[in-house]
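Participant: Chains as they are written, first to last, in the working numbering: chain A, 1 to 630; chain B, 1 to 318.
Read the hints as simulated data drawn from the structure, not as lab findings.
Treat each hint with caution, since some may be false.
Said to hold, decoys possible - In silico DMTMM-like links for lysine to aspartate or glutamate, alpha-carbon gap of 25 angstroms or less: (1) K229(A) - D180(B); (2) K495(A) - D60(B); (3) K229(A) - E276(B); (4) K281(B) - D215(A).
What the hints assert, rightly or not - The following residues of chain A were derived to be distant from chain B, with all beta-carbon distances above 12 angstroms: (5) G68; (6) S101; (7) E132; (8) W259; (9) R265; (10) S288; (11) R307; (12) T402; (13) F454; (14) L470; (15) D477; (16) D493.
Please read these numbers as outputs of a predicted model, since none were measured by experiment.
Glycine residues also receive a C-beta, built at the ideal position from the N, C-alpha and C atoms.
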Amino acid sequence: MRPWMVLAAIAALSALWLGRGEPEPRADIRFVSAEVFTLDPQRMSWQQDLRVARALYEPLLVRDAVTGLPKAGLAQSWSCSDDGRTWTFALRTQARWSDGSPVAASDVRYAWMRALLPDLATDFAGIQLRIEGAEEFLRWRAEALAAHAASPGDPEALWSRTRETFDRLVAVRSPDAHTLVVTLVQPVPYWLDLMTFPTTSPVQERQAERFRRLDPASGTVRWDTAWTKPDALVTNGPYRLESWRYKRGMRLVASPMWWNHAAMRNQSLELVPIADAGTAVLAFDTGSVDWLCDVAVDWRSDMAAQRRAWDARVEPVARRLTADGLEGDELIAALPAPGPGERRDLVVIPAFGTEFWQFNCRPTLPDGSANPFAIASVRRAFARCVDRVAIVDRVTRLGEPTTTTLVPRGAIPGYESPAGLEMDRERARIELAEAGWSDRNGDGVPEDERGAPFPSVTLLYSVSVDRYKLIALALRDMWRTTLGVDVQLVGKDTKFFKDDLKQGKFMIARGNWYGDYADPLTFLELLETGNGNNDRGYSNPAYDSLLHEAAATRDAAQRLAILSRAEALLMDHDVPVLPLCQLSAVYMVDPASLAGVSHQPMLEDEFWRMHRRTDPEREALSTLGSEASR
Amino acid sequence: MSVGSMILRRSLQLPLVLGAVFLVTFSLMWLVPGNPMESEGRRPPPEIAALFERSYAMEDPVEFGAQYLDRASGFAWLTGRHDRPFDLGPSLRHADWTVNEIIAAGLPVSMALGALAMVFALAIGLSAGILAGVRPGSLGDSIGQGVSVIGISLPGFVVGSALSAVFCAWLQWFPVATWDGWRSAILPALALSLPFAAVIARLVRYGMLEEMRSDHVRTAMAKGRSRAGAAVHHAMKNALLPVLSYLGPATAAAMTGSFVVEKVFAVPGIGRHFVEGVLGKDVTLVMGIVLCYSSLLVLLNLAVDLLYRVVDPRIEAA
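Turn these sequences into a full structure, and let the hints guide you.
Facilitator: If you want it as structure tokens, here you go:
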């Protein structure tokens, strides 16, 4: 046998093996999203997981993709007791699991018990922890596990004791199969909003119990990885899981058992996990996918400029069409198609999140030296130097809405945002001088009374994307020119960056936060003394007591007013964080081809509403547009 | 030494090599900061993180390492303390997958792609190297040399992006970022093969240059063999020896996947998992892939040494 024949044989075999199997037909909607970590709703914490969960599961309430408000989901109706603590949910009697069996209130209870298991380490257990008895249960279980680990007994016995304890302690009851009664520790005004969160979705108890595994040594419970695979997973949402291959894609098909199945505008979804930013854009541009859920940060600016170019050109036509009552996706689809150097398929959505830089507020730095930023007026001085408009126009070039507050302004109805600190360089110098730092020897650098110059300030950021470094450079220049302080950049790999943040090893660091539910508290609790995510080490008893006061206030408007005062204390006076701009979600989706993608800041989609436009539909829209251009 | 004793000796070495690799990688992974549970800025409360570590027996590196080795080696299974052999454990980050499942899904893809890439590399590298070596200084030599410099120095993401821009976006001959059928394997295999092809071309060229000057080839030409005939029948076999020893590690490298090529072409192989595992501090995933890679490397080196003895009987395995 000749060597070349061996090579040819290997090539043919590899090609045959790679080419085996029929390619599946294209799903109705293909979208690019990062690889899903888990389909176990209680264990989810990443955006991509939550996104898919909204297709597979249906919690008690769901967020409307158009209005952004909570509406009936698994629960058909609900009521609240006069003291605001007890909620009664009536489940839809026609709600079915994808295997056809009815969804019972006990499935919700089972899921919520799972959420509270300390051994499952769920990120969002905080939702269920607002229920009466939940804390006790969590503590009981943790202690029971510790006792078991010390002297292992029968893990099954421990598990059944756990279930009994949950029934006894936690105030989630199901008087009948379709009623769920929940009693909270104290009134939670945004409880209905929390009930839309995918981690509160039910799981089918019967199926989940089949895949439950107990570790004899530690007594901890874990669910077999086979549970969330297509053959086993039972869901109660609009779709069911048809296939899932690791980092290769996931296919969902419409579940005929879903109560609103008849209203669905598409029958199948495919998640394509493309890790490379350039490849993802190429896949979109060649029509291989319909929707890119996240455009890589470094690519955004140039594409956003192309979108602005198109917006500017079609603006007069848009005004005429708007006057005719056209809006949203339909309006975009009717407008004249983009020319060279323009695009209409980039959507920038101001999200429910804030990008900021944060000050280390601890009295001393890790090296033991005094921390100048422990003084509020120093932080105010630094905050007043920042020209946010220059940053979004010339540095990030995305034109994000700038902000001087932590809670996105106008995002929560009835909540009045404080003014915050605008740029005022004169005041900045005065505030720094009030803290004892002024230029005493005329060298341009501020010194304290003893003549020691202002310590060199370090700016910590992660080098994962260019954006943060560019912003840090801009901030350095602003602080150098206005205050005369020395500023050094410290860029670190994400992991080391996070580690430094956690240990308080920074002076000023980059940060951001997305709100989880439509209430100011989702942002404000970040600054509470002792909060696990309070990286700044900020602690102000006056602030903490305002949060407590708000928690004890029943009247919704009054409560929001107190929270507003708390934020004013933060943003007008203490500034532990220096907000820059609202975070943006950047999608690639052409509204002329795919309709129904939500533009709500919470970025929660109802997949069943989406559909690819048919040719006649597109023609009708473009005719409207060409009439308006004439 | 007989072939049999060589195989035996290498098989006995394998556990030692794997043990050493395990120790080094494991210590490095343990020292890296971070937590596999961390996501998007949020971090678990300390007591929950502690429970997570306990449930994966991660409180003590020695205990974790011992338990891991016990299960991964199959020893626990042999002695009836565990229900399956070679259990590499659950992925710490991808809660819905075990490391065995991840490797089982990715490795065949990477191996088939790697095999295809090595075939491309050999086809391109051998022909370029032989042409260049037979007539050094000719136009063909200069072109071959130039191409191999580019192949070695251009990073994979440039080659990959360029290939997909031309063949997927512009000419539309191949699909973008889908993994269906042999057509989607051509471009990634080509991108993967270029650096290997470049090295092979250089090795063959030098080998041919040497051999063409050697006594037995010159004798053959003096006896009337044409230059091409002498090259094919007398010089080539010896010139290919260095390529053979390069093939072992090269094939192992190609078969365990390239992070860059797999990322650019959205190939579901294991090359990406390794880097992403390191970034996410997924200790078990990284360990599993490293052990898998080391075994493959040892086995392929053994195969090359056996091949060597077939090609050159003078060689005694060292």
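Participant: If a hint holds in the structure, say so; if it doesn't, say that too.
Facilitator: Quick rundown of the hints versus the structure:
Among the hinted pairs, K229(A) with D180(B) is consistent with the structure: their alpha-carbon atoms are about 21 angstroms apart, no more than 25 angstroms. Between the alpha carbons of K495(A) and D60(B) the distance comes to roughly 21 angstroms, so the proposed pair stays at or under 25 angstroms and holds. Pair hint K229(A) plus E276(B) holds up; C-alpha atoms about 22 angstroms apart against a cutoff of 25 angstroms. The straight-line distance between the Cα atoms of K281(B) and D215(A) is roughly 23 angstroms, inside the 25 angstroms bound, and the hint therefore holds.
The beta carbon of G68(A) is kept farther than 12 angstroms from every beta carbon of chain B, the shortest such distance being approximately 21 angstroms. No beta-carbon of chain B is positioned within 12 angstroms of the beta-carbon of S101(A); the least distance is around 23 angstroms. A cut-off of 12 angstroms between C-beta atoms confirms that E132(A) is not in contact with chain B; the least separation is 20 angstroms. Even its closest Cβ contact with chain B, about 27 angstroms, leaves W259(A) beyond 12 angstroms, as expected for a residue assigned away from the interface.
Its beta-carbon lying about 24 angstroms from the closest one in chain B, R265(A) satisfies the requirement of being farther than 12 angstroms from that chain. A beta-carbon of chain B is positioned within 12 angstroms of the beta-carbon of S288(A); the least distance is around 5 angstroms. Residue-level check passed: R307(A) sits 20 angstroms from the nearest beta carbon of chain B, beyond 12 angstroms. With a least CB separation of 21 angstroms from chain B, T402(A) remains clear of the 12 angstroms interface cut-off, as annotated.
F454(A), annotated as away from the interface, keeps every beta carbon of chain B farther than 12 angstroms; the closest lies near 30 angstroms. For L470(A), the shortest C-beta to C-beta distance to chain B comes to about 20 angstroms, beyond the 12 angstroms cut-off, and the non-interface label holds. No beta-carbon of chain B is positioned within 12 angstroms of the beta-carbon of D477(A); the least distance is around 27 angstroms. Consistency note on D493(A): stated as away from chain B, yet its beta-carbon is not over 12 angstroms from all of that chain's, at 8 angstroms minimum.
When the structure is compared with the earlier hints, violations turn up for hints 10 and 16 and for no others.
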